Amino acid sequence: MTMQDMMKDPLANIVLMHADDKLMLGHMQSDWTGLAPILEEDIAASSMSQDDLSHALVLYDHLAARFDLTADAIAFERDAADYRCCDLITIPDEFDWAIALTKRWFVATLTALGVDRLATIDDEDLSTRCKRLIPEQAIHVRHLSEWMIRLGSGTEESRSRMQAAINTLESDAGMMFEPPDHSIDPVDSFCCGREGIFQEWKTSCEDTLQRAGLSANLALPPESMIGGRRGTHATHFTDQLAELTEVRRAEPAPAW
Amino acid sequence: MSGAANPVSPPDITIDCDPDKLAEFEQRIADGVLIEPGDWMPEAYRALMLRMAEHHANSEIIGALPEGEWITRAPSMLRKLALIAKVQDEVGHGQMLYRVSQELGKSRDDMLRDLITGKTKYHNCFNYPCPTWGDIAMIQWLIDGAAIMNQKTLADGAYGPYVRTMNRINMEEAFHFKSGEDMVLTLMGGTKGQQTMGQDAFDRWWPVALMFFGPADKPNAEQLPAMKWRMKTERNTSLRQRYVNRFAPAAMDMGLAIHVCEKDADGIVTSKKPDEAIGLNEETGNWNFTEPDWDEFWRVIRGSGPCNAHRVALRRFSYEQGAWVRRAIGTGAVATPPAA
Ligand SMILES: [Fe+2]
Ligand SMILES: [Fe+2]
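Residue numbers (my numbering), protein chains in the order written: chain A, 2 to 257; chain B, 5 to 344.
Only chain A is shown next, with the shape it has when bound in the complex:
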């Protein structure tokens, strides 16, 4: 069993989609460590990036056992084209908390739905792992939604900053709905129809937006839209991947 076998496996691609989203989300968020607007939220955000990376690790461990690999090899040693994350995540936030928060909230809301579905799959190890992630993922969605509402209904300044962030990101949010691999029937691409999961995601987002006094134009893009999941990544993704693997690549070693 090899990395190539894993990449040819349809279910592995679905798992990687969520795991890689979580890896890059935790990676991006961790860049804020020590720099968030308030210390209390800095600490909360650190917990969430640890959760995201631990969740990625839980899913990589499942794949590692199945394909006789190591979690670190999966996380750090694939070619860029073999990462199934969407490039919404690695769009630079320029340390704008509104952009960072909106992005995390978009992605966490989708991951919650995706993990729910993976937990029902007929694979004992995988479904057990996913069931463990569900409650923590729900906490993320709640925490991030509360922040969307707090800042959306805070001051005029915060409302307009949040609305501007949504306007910047709303069309790129569709990147998340790119099917994770050419080999997968789009109908199965999220363990369910793409349409179905999109509608659920949209409803959930719009509910929060309404309470926040914000609005977004959320539409399902055509399947041909390129968002990274099928391996064609933007340079901001490859830049982040280079940073993620910098130390490891500089000196190949049995242990770090």
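These are calculated hints, taken from the structure and not from any lab test.
Computed from a predicted model, the values in this text were never measured in an experiment.
Beta carbons are placed, not taken as given, at the ideal position from N, Cα and C, and that holds for glycine.
Reference excerpt, derived from the structure (chain A facing chain B, CB under 7 angstroms, subset only):
#1 D32
#2 A72
#3 E247
Residues of chain B placed beyond 12 angstroms of chain A at every Cβ, according to the derived structure:
#4 L26
#5 A254
#6 M258
#7 G259
#8 G271
Derived lysine to any residue pairs resembling SDA-like cross-links, with alpha carbons at most 20 angstroms apart:
#9 A:K9 x A:F77
#10 B:K196 x A:W257
#11 B:K196 x A:E252
Since the structure of chain A is already known, use the hints to place chain B with the ligands on it.
Just chain B with the ligands now, with coordinates in the frame of chain A:
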């Protein structure tokens, strides 16, 4: 990390208060009673305690920056997770210590503003660069190790809220130290390149760790307020000696060589030779060592270190970028103050 006692002696202070109350206060301290925020205390005590707790808090959140910069490059999933957790702890220490300081009468926003305008300081060791992953290993081993040693003596102090915070913090520091030791062991037991990375980083951090405890105290330190009032409980030189006794042999056991180095203005080593002084003095039971460059210490503490400007600028950037969020949730102050 980090911490703690301001290595610069406080300015001479005048203790202007009711002599009976002062005598009673000093008796309580001598009896080992903890002083609580609501208790009577000399104004000078409150001011010095605030200064110390605020300096410590500043050190925690500035100390989060050099390590924070390496999280995205940590070379394995577990190292990445451990480093985020570690830096998160440091930010948490900052938060706890700002609370202690707030209780002594200064708002958090005033403290953050004084930090970014250069009115208040933080621990000098964070003004040095971390050019490689090896520096992250050495910070967690050498600097967190020094912080534990120092903070254990501070936990023996007299001010209740600070003492309780030190006890909590020290439990977490023990994890940082363990994980640092593991990182150093991994490097020194690894490839040639990893060993070089470890040794080079050790050369950068050893003298910084020696300076960590600050210059020698005044000859009458025990009679001065900081020690008389048990704000600190051990002399800097004594702490440094205990540190060397523990870490010099530990470093050598791991295959690290102790050097005396010259550094350039960026904190990068330009030349080095073995520290000939290193060795156990059988008579005293202490390890001999070459003192760090104290001129460099004073230069850096006065603001000309390799990273002073960078660290403060990043804090300031974070303060400015986040102002709108604090305003929106009603905890924020107003405009950003001009730099000092
Ligand atoms: Fe600390
Ligand atoms: Fe620490």
